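Undergrad: Residue numbers for the sequence shown follow the numbering used here, so the first one is 40 and each next one is one higher.
Think of the hints as simulated: they come from the structure by calculation, not from any bench.
Fair warning: this is a prediction, and the values are worked out from it, not measured in the lab.
Errors might be hidden in some of the hints.
[To be verified] Computed beta-carbon distance windows for the label pairs:
(1) Glu95 - Asp741: 51 to 57 angstroms
(2) Arg689 - Lys620: 24 to 30 angstroms
(3) Leu346 - Val675: 42 to 48 angstroms
(4) Thr713 - Ser403: 51 to 57 angstroms
(5) Arg630 - Thr713: 52 to 58 angstroms
(6) Glu694 - Gly655: 27 to 33 angstroms
(7) Gly807 - Val675: 30 to 36 angstroms
(8) Glu345 - Asp502: 47 to 53 angstroms
(9) Leu355 - Asp740: 47 to 53 angstroms
(10) Asn719 - Glu345: 53 to 59 angstroms
(11) Asn133 - Asp621: 41 to 47 angstroms
(12) Gly339 - Lys666: 54 to 60 angstroms
(13) Ala323 - Gly243: 24 to 30 angstroms
[Claimed, not checked] No farther apart than 35 angstroms at their CA atoms in a straight line, the calculated lysine-lysine pairs in the DSBU-like style are these:
(14) Lys746 - Lys673
(15) Lys257 - Lys777
(16) Lys620 - Lys569
(17) Lys709 - Lys666
(18) Lys739 - Lys673
(19) Lys777 - Lys709
(20) Lys208 - Lys414
(21) Lys257 - Lys245
(22) Lys620 - Lys260
(23) Lys641 - Lys620
(24) Lys533 - Lys739
(25) Lys620 - Lys305
(26) Lys257 - Lys651
(27) Lys666 - Lys739
(28) Lys626 - Lys709
(29) Lys651 - Lys461
(30) Lys193 - Lys257
(31) Lys641 - Lys623
(32) Lys570 - Lys709
(33) Lys611 - Lys623
By construction, the Cβ of each residue, glycine as well, lies at the ideal position given by its N, Cα and C atoms.
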Amino acid sequence: MVAFMRLLALLLIASAAIAQAPKWHPLVPSKATSAKGATVEVDAEGVVRVSGKNPEVDTIVIEGTTSLTELTGLRIEALPDPKLPAKGPGRARNGNFVLTHVKLETSSRLSPGRFRLARLGGAVSSFAQGSYPATAALNPSPRTGWAISPHFGKPHTMVVMPATPPRWKAQVHVRLTLSFAFGSQHVFGRFRVSATDGVDPVAGMKRLGESWGKTQLKVNKAIDRGVEWLMQKQYLDGSFVDYMAGYPTGCTALGLYTLLKSGVSKKHLAVRKAAAFLRVHRPAKTYSTACQLLAFVALGKAEDEELIGDLVAQLLQFQKSSGGWGYPGGAVDLSNTQYAALALHMASLKGHKVPRRAWIKLASCALRHLRETEKNAYAPAGFGYRPGTTATGSMTSAGIGTLAICDLQLRRKNNEVSVAIKRGIQWLGRYFSPSSNMFAPNQTWVYYYLYGLERAGGLTGEDRFGPHDWYRAGARWLVGKQATEGAWPVGASKTATNTCFALLFLSKATGSVTGGQASGARVFGYEDRKKPVSLRASGDSPLAMWISRFGDKALKENAWPGETGKGLHVEKVEYVASRRKDLKGAKVIQRVGRDPAAPHGKAALAAQHAFKQPGGWWLQARATVVKPGGAGAKVVLKSDPVRVVVWNVRNAEYEAYASDASRNLLRQTKVAATASSEFNNNWRSIQSVDGLAIRGWLAKDDDKKPKIRLLPEQPIRANALVLCHAQHGDAGRSRPTKVAVKINGRVPLGTVDMIMDNRRKTIFRFSGPKVIRSLELTIVETNNKARKGSGFGEIELQLIRDDR
Numbered sequence: 040m041v042a043f044m045r046l047l048a049l050l051l052i053a054s055a056a057i058a059q060a061p062k063w064h065p066l067v068p069s070k071a072t073s074a075k076g077a078t079v080e081v082d083a084e085g086v087v088r089v090s091g092k093n094p095e096v097d098t099i100v101i102e103g104t105t106s107l108t109e110l111t112g113l114r115i116e117a118l119p120d121p122k123l124p125a126k127g128p129g130r131a132r133n134g135n136f137v138l139t140h141v142k143l144e145t146s147s148r149l150s151p152g153r154f155r156l157a158r159l160g161g162a163v164s165s166f167a168q169g170s171y172p173a174t175a176a177l178n179p180s181p182r183t184g185w186a187i188s189p190h191f192g193k194p195h196t197m198v199v200m201p202a203t204p205p206r207w208k209a210q211v212h213v214r215l216t217l218s219f220a221f222g223s224q225h226v227f228g229r230f231r232v233s234a235t236d237g238v239d240p241v242a243g244m245k246r247l248g249e250s251w252g253k254t255q256l257k258v259n260k261a262i263d264r265g266v267e268w269l270m271q272k273q274y275l276d277g278s279f280v281d282y283m284a285g286y287p288t289g290c291t292a293l294g295l296y297t298l299l300k301s302g303v304s305k306k307h308l309a310v311r312k313a314a315a316f317l318r319v320h321r322p323a324k325t326y327s328t329a330c331q332l333l334a335f336v337a338l339g340k341a342e343d344e345e346l347i348g349d350l351v352a353q354l355l356q357f358q359k360s361s362g363g364w365g366y367p368g369g370a371v372d373l374s375n376t377q378y379a380a381l382a383l384h385m386a387s388l389k390g391h392k393v394p395r396r397a398w399i400k401l402a403s404c405a406l407r408h409l410r411e412t413e414k415n416a417y418a419p420a421g422f423g424y425r426p427g428t429t430a431t432g433s434m435t436s437a438g439i440g441t442l443a444i445c446d447l448q449l450r451r452k453n454n455e456v457s458v459a460i461k462r463g464i465q466w467l468g469r470y471f472s473p474s475s476n477m478f479a480p481n482q483t484w485v486y487y488y489l490y491g492l493e494r495a496g497g498l499t500g501e502d503r504f505g506p507h508d509w510y511r512a513g514a515r516w517l518v519g520k521q522a523t524e525g526a527w528p529v530g531a532s533k534t535a536t537n538t539c540f541a542l543l544f545l546s547k548a549t550g551s552v553t554g555g556q557a558s559g560a561r562v563f564g565y566e567d568r569k570k571p572v573s574l575r576a577s578g579d580s581p582l583a584m585w586i587s588r589f590g591d592k593a594l595k596e597n598a599w600p601g602e603t604g605k606g607l608h609v610e611k612v613e614y615v616a617s618r619r620k621d622l623k624g625a626k627v628i629q630r631v632g633r634d635p636a637a638p639h640g641k642a643a644l645a646a647q648h649a650f651k652q653p654g655g656w657w658l659q660a661r662a663t664v665v666k667p668g669g670a671g672a673k674v675v676l677k678s679d680p681v682r683v684v685v686w687n688v689r690n691a692e693y694e695a696y697a698s699d700a701s702r703n704l705l706r707q708t709k710v711a712a713t714a715s716s717e718f719n720n721n722w723r724s725i726q727s728v729d730g731l732a733i734r735g736w737l738a739k740d741d742d743k744k745p746k747i748r749l750l751p752e753q754p755i756r757a758n759a760l761v762l763c764h765a766q767h768g769d770a771g772r773s774r775p776t777k778v779a780v781k782i783n784g785r786v787p788l789g790t791v792d793m794i795m796d797n798r799r800k801t802i803f804r805f806s807g808p809k810v811i812r813s814l815e816l817t818i819v820e821t822n823n824k825a826r827k828g829s830g831f832g833e834i835e836l837q838l839i840r841d842d843r
């Protein structure tokens with residue numbers, strides 16, 4: 040018992056030591072030099088000032104003896120100064136700097152010239168600029184480094200930690216080399232260095248930014264906005280669109296998986312449509328197959344078990360003899376391999392058999408991607424896209440995650456695999472950045488990297504890589520990078536794929552610990568005491584609507600004598616909706632009636648409505664109020680229009696679109712297609728019958744009589760023509776309003792009046808079933824006379840039952 044209490048006491052002391060902020064000892068340099076001739080001065084408190092000559096690049100070296108015998112961390116403080124541009128702390132015109140490399144050497148005070156290199160294991164900063172994290176200064180490349188834009192004129196701190204703390208019997212003597220190779224005079228102007236032997240050098244470190252509690256709320260809102268943006272980008276056939284030429288189903292599968300992992304209900308229309316689309320369109324590539332398998336496993340419907348089995352078999356068929364995956368053609372790469380590994384892992388957890396041999400081969404393959412850069416077999420090491428290539432953040436995350444899956448599946452500790460995982464985790468800890476894919480040639484795939492980071496953390500159970508809380512750091516960066524409309528951009532480009540990767544990170548899609556989640560409680564509208572009526576709405580389907588308050592002026596003018604504070608004598612409230620902000624064509628969707636003999640008091644005058652068509656709607660509340668005076672005079676008080684967005688509608692027509700490709704008889708035989716003109720190679724006539732609403736046919740702008748002709752190899756018996764508008768995204772381009780239909784060369788069937796809603800299809804029923812050997816469509820009228828160039832997203836011939 041006594042021994043137990045002593046052990047408990049020691050644990051408590053150790054715990055307290057870990058939590059305690061370290062004591063920092065200023066290093067007063069005895070030497071300080073500039074390689075390019077700048078003046079370097081040191082004051083009595085150890086503050087280093089750099090002045091005089093201001094070179095484009097520079098290297099500053101300082102030496103000094105600490106009062107410590109062990110060194111666990113060095114703190115570099117970049118200090119502002121009124122004499123520096125923009126008050127510094129850098130010497131660049133805007134006050135910035137880029138510290139491109141930090142090199143630490145130590146020796147004993149008794150032999151100060153006999154330095155040993157101290158390999159740095161990690162770095163943390165109080166703030167870092169975009170793609171310039173503190174960890175970038177651990178790599179000697181002049182393209183990377185630590186910078187602090189736009190927070191000029193403020194103090195900034197960076198802490199570097201040796202992988203193995205140097206220990207000397209006498210005090211530690213330090214030589215610190217600071218390289219500034221970025222150019223444009225991005226060099227320190229004023230700084231100070233301190234040393235510590237504390238257990239946790241970054242404990243208690245103050246960072247710029249808000250508390251995590253506030254950030255967590257922003258994360259949930261960011262997921263809400265991202266999910267809504269993603270739903271807006273879903274096409275009428277249920278697909279999401281990126282990289283359609285090579286991966287016609289890939290983005291839809293990724294989109295469906297993302298919606299499910301973001302907390303969207305399995306019963307939601309967007310989920311149902313995406314799943315229906317994928318059941319009709321089977322994948323042919325590794326990425327698409329893996330994402331589709333992930334999506335259907337996450338959906339978890341019994342009806343998809345056979346499909347899941349087929350996808351597992353297809354992935355195993357794609358696996359190469361070396362153990363990895365290509366596209367499936369071409370050489371093995373770690374990117375395709377990690378997606379196949381995760382998908383097979385998730386399927387196996389649901390009972391689908393994956394041969395043990397597949398995991399053994401996969402582990403051997405992943406180990407070949409480990410990039411050895413140091414002689415020490417246990418030193419940090421990253422992974423490359425292919426064996427021998429440069430290690431990057433995204434591929435190191437892929438290597439860690441893939442090997443962690445193998446470790447879980449083989450259920451026996453393979454020392455080589457375990458060591459490789461640890462080395463990869465150490466590499467991430469050393470070079471971690473939440474805002475850049477470390478050592479990648481560009482940052483096009485930074486969101487892909489972050490999702491890989493989430494998989495590596497989730498599969499290994501690691502909350503931190505080195506000193507870095509990877510989730511909090513990544514979440515803070517993502518919240519700040521989200522565009523106003525909800526997407527996550529790379530430059531000017533906003534793609535569904537990148538937005539999916541960001542959402543999967545924020546939702547912690549792989550980990551057992553939940554990250555952010557969609558709140559599901561969207562509230563539209565606002566309160567304004569200066570407006571006659573304040574309308575609020577919440578939810579989706581059904582949408583709840585209510586009057587949150589009447590305006591001060593409306594209450595003053597319409598309250599009856601002696602009833603101040605009791606409300607108005609409301610006879611009815613009509614809620615109207617329109618697709619247009621000016622409410623043109625608005626229709627009453629709900630009406631709330633009440634006895635106007637008494638004031639309404641605190642009644643919210645609420646109603647609910649389930650829209651049958653998804654998308655954006657403008658609402659207005661119109662309250663009929665009996666005025667005071669006893670004459671029965673009435674006034675209608677109106678709210679400002681409030682925009683709401685609904686997606687989860689129950690509408691058989693919309694749901695049928697996702698599986699229409701399976702009913703399109705033109706896809707059951709070969710079809711030859713010709714047209715009067717084609718806008719370009721992306722809008723060819725044959726694409727109007729490929730089963731994908733996003734691709735189709737467009738005529739050239741100068742085509743005065745756009746026409747398309749389809750010749751099926753086999754005659755088709757159909758009773759309906761189904762058309763949808765080309766989904767070109769150009770609001771200025773014309774769309775057909777009237778289309779003349781002719782079959783078999785000379786038989787006119789009439790003129791189709793197109794529905795002018797891009798989210799709906801137009802169904803033209805024949806007088807009865809027809810045997811069709813050719814189909815000719817001529818666009819007779821368009822909605823934009825100045826620009827022809829219209830066409831169709833998809834042309835379908837169907838044999839429709841009477842119940843549709």
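Undergrad: Against each hint, give a clear statement of whether it holds in the structure.
TA: Status of the hints after comparison with the structure:
1. Glu95 - Asp741: 51 to 57 angstroms: The hinted range 51 to 57 angstroms holds for Glu95 and Asp741, with Cβ atoms some 54 angstroms apart.
2. Arg689 - Lys620: 24 to 30 angstroms: Since the Cβ atoms of Arg689 and Lys620 sit about 26 angstroms apart, the hinted range of 24 to 30 angstroms holds.
3. Leu346 - Val675: 42 to 48 angstroms: Check failed, 55 angstroms falls outside 42 to 48 angstroms.
4. Thr713 - Ser403: 51 to 57 angstroms: About 53 angstroms separates the Cβ atoms of Thr713 and Ser403, which means 51 to 57 angstroms holds.
5. Arg630 - Thr713: 52 to 58 angstroms: For Arg630 and Thr713 the Cβ distance comes to about 54 angstroms; the hint holds.
6. Glu694 - Gly655: 27 to 33 angstroms: violated (20 angstroms)
7. Gly807 - Val675: 30 to 36 angstroms: violated (51 angstroms)
8. Glu345 - Asp502: 47 to 53 angstroms: Taking Cβ atoms as reference, Glu345 and Asp502 lie about 39 angstroms apart, which means the hint is violated.
9. Leu355 - Asp740: 47 to 53 angstroms: holds (49 angstroms)
10. Asn719 - Glu345: 53 to 59 angstroms: violated (40 angstroms)
11. Asn133 - Asp621: 41 to 47 angstroms: Distance hint for Asn133, Asp621 holds at roughly 46 angstroms.
12. Gly339 - Lys666: 54 to 60 angstroms: holds (59 angstroms)
13. Ala323 - Gly243: 24 to 30 angstroms: With a Cβ separation near 54 angstroms, Ala323 and Gly243 fall outside 24 to 30 angstroms, so the hint is violated.
14. Lys746 - Lys673: violated (57 angstroms)
15. Lys257 - Lys777: violated (48 angstroms)
16. Lys620 - Lys569: Between Lys620 and Lys569 the Cα gap is close to 20 angstroms, so the pair holds against 35 angstroms.
17. Lys709 - Lys666: Given that 35 angstroms is the threshold and the Cα spacing comes to 71 angstroms, the pair is violated.
18. Lys739 - Lys673: Since the Cα atoms of Lys739 and Lys673 sit roughly 57 angstroms apart, the hinted pair is violated (cutoff 35 angstroms).
19. Lys777 - Lys709: holds (27 angstroms)
20. Lys208 - Lys414: It holds: about 27 angstroms lies between the C-alpha atoms, which stays within 35 angstroms.
21. Lys257 - Lys245: holds (21 angstroms)
22. Lys620 - Lys260: With Cα atoms ~25 angstroms apart, Lys620 and Lys260 stay inside 35 angstroms; holds.
23. Lys641 - Lys620: holds (29 angstroms)
24. Lys533 - Lys739: Holds, because 27 angstroms separates the two Cα atoms, which is no more than 35 angstroms.
25. Lys620 - Lys305: holds (32 angstroms)
26. Lys257 - Lys651: holds (31 angstroms)
27. Lys666 - Lys739: violated (61 angstroms)
28. Lys626 - Lys709: Roughly 46 angstroms separates the two Cα atoms, so the pair is violated.
29. Lys651 - Lys461: Outside the cut-off at roughly 53 angstroms; violated.
30. Lys193 - Lys257: Given that 35 angstroms is the threshold and the Cα spacing comes to 26 angstroms, the pair holds.
31. Lys641 - Lys623: Judged against 35 angstroms, a Cα distance of about 32 angstroms means the pair holds.
32. Lys570 - Lys709: Violated, at about 62 angstroms.
33. Lys611 - Lys623: holds (22 angstroms)
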